[in-house]
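Novice: Sequence:
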Amino acid sequence: MTSEITLFVNPTAGRGRGARAAQPAASALRAAGFSVRTVVGENAADALTRARDAVASGTGALIAVGGDGMAHLALQAVAGTRTPLGLVAAGTGNDFARALGLPLGDPAAAGRQIAESLKGARLRDVDLGHVNGTWFGTVLASGFDSRVNDRGNRMRRPSGRVKYDLAMLAELAAFRPVRYRMTLDDGETREIEATLIAVGNGSSYGGGMKICAGADLGDGLFDITVVGPCTRRTLLRVFPKVYRGTHLSHPVVSVHRAAGVELVADGLTGYADGEPLGPLPLTARCVPGAVRVAIP
45 MTSEITLFVN PTAGRGRGAR AAQPAASALR AAGFSVRTVV GENAADALTR
95 ARDAVASGTG ALIAVGGDGM AHLALQAVAG TRTPLGLVAA GTGNDFARAL
145 GLPLGDPAAA GRQIAESLKG ARLRDVDLGH VNGTWFGTVL ASGFDSRVND
195 RGNRMRRPSG RVKYDLAMLA ELAAFRPVRY RMTLDDGETR EIEATLIAVG
245 NGSSYGGGMK ICAGADLGDG LFDITVVGPC TRRTLLRVFP KVYRGTHLSH
295 PVVSVHRAAG VELVADGLTG YADGEPLGPL PLTARCVPGA VRVAIP
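Per my numbering, residue 45 is the first one in the sequence shown, and the count goes up by one each step.
Calculated from the structure, these hints are not laboratory results.
For every residue, glycine included, the Cβ atom is placed at its ideal position computed from N, Cα and C.
Hints should not be assumed to be uniformly reliable.
[To be verified] Pairwise CB distance ranges, derived in the manner of DEER restraints:
#1 T93 x T327: 39 to 47 angstroms
#2 T327 x D169: 20 to 28 angstroms
#3 P202 x V84: 43 to 51 angstroms
#4 G102 x H294: 46 to 54 angstroms
Kindly generate the complete structure, drawing on both the sequences and the hints.
Specialist: Shown next, in the form of structure tokens:
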């Protein structure tokens, strides 16, 4: 593997933490003997073009510095190639890094760990989800949670996580279950009412909410969590359990495992890794070993 690697930086991640994290990560990588080139795009589309160019030119690794949004963007450049992906978690959620067992909030340690992984060829091929030409590492969300995202994205104030807490309260006031048509790869179609359906390649979203707590990045399958129709009161009781993953035992929750799923519903936007995919219907498939990552 070449010693020339690419640092892929989002300077706005985590209110500027991305830019601040880039320097100690780069220093750790250079101290380990790597030649580091930094890529910062003018916008997401430009950044992705630059990252893809780096991969096509034979960079030894693409190291994404930022949160889940930056990891998601990096996946679009490296998925399906043999170029290793490293993550320096410097965002708000960091769910993909968390699923991989990577350091959170310590860019120098992350840089050292990535260097050790690359030099020792300690790399792991992990699964990704693929939907409408887009790769995702964590969870495809639809339903109540995606409506919270929709509302939060429309709000100008406040900023950060508080905005989405307020959006959740507003969505609770207007809450209604959604009628879905869900088809798994066994070919059986289920007509169901649900509060939300989450398709998990990874186990968590939203900064550690273990909505698909049993998901495994290496089993070639999605864990599909269905929260059935419930009252606002029940939803408020179940929701805090998501942070521990104990909601899966609640009677309104069911889990399906499949390599592919189609979701059809009216008036819903799908989100993957927290990024909007577009309206349902959406068809997702789990692609085994789609990306090579530098791991502890």
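Novice: Each of the hints needs a verdict: does it hold here or not?
Specialist: A quick look at each hint next to the structure:
no.	hint	result
1	T93 x T327: 39 to 47 angstroms	violated, 27 angstroms
2	T327 x D169: 20 to 28 angstroms	holds, 23 angstroms
3	P202 x V84: 43 to 51 angstroms	violated, 27 angstroms
4	G102 x H294: 46 to 54 angstroms	holds, 50 angstroms
In summary, the numbered hints that this structure violates are 1 and 3.
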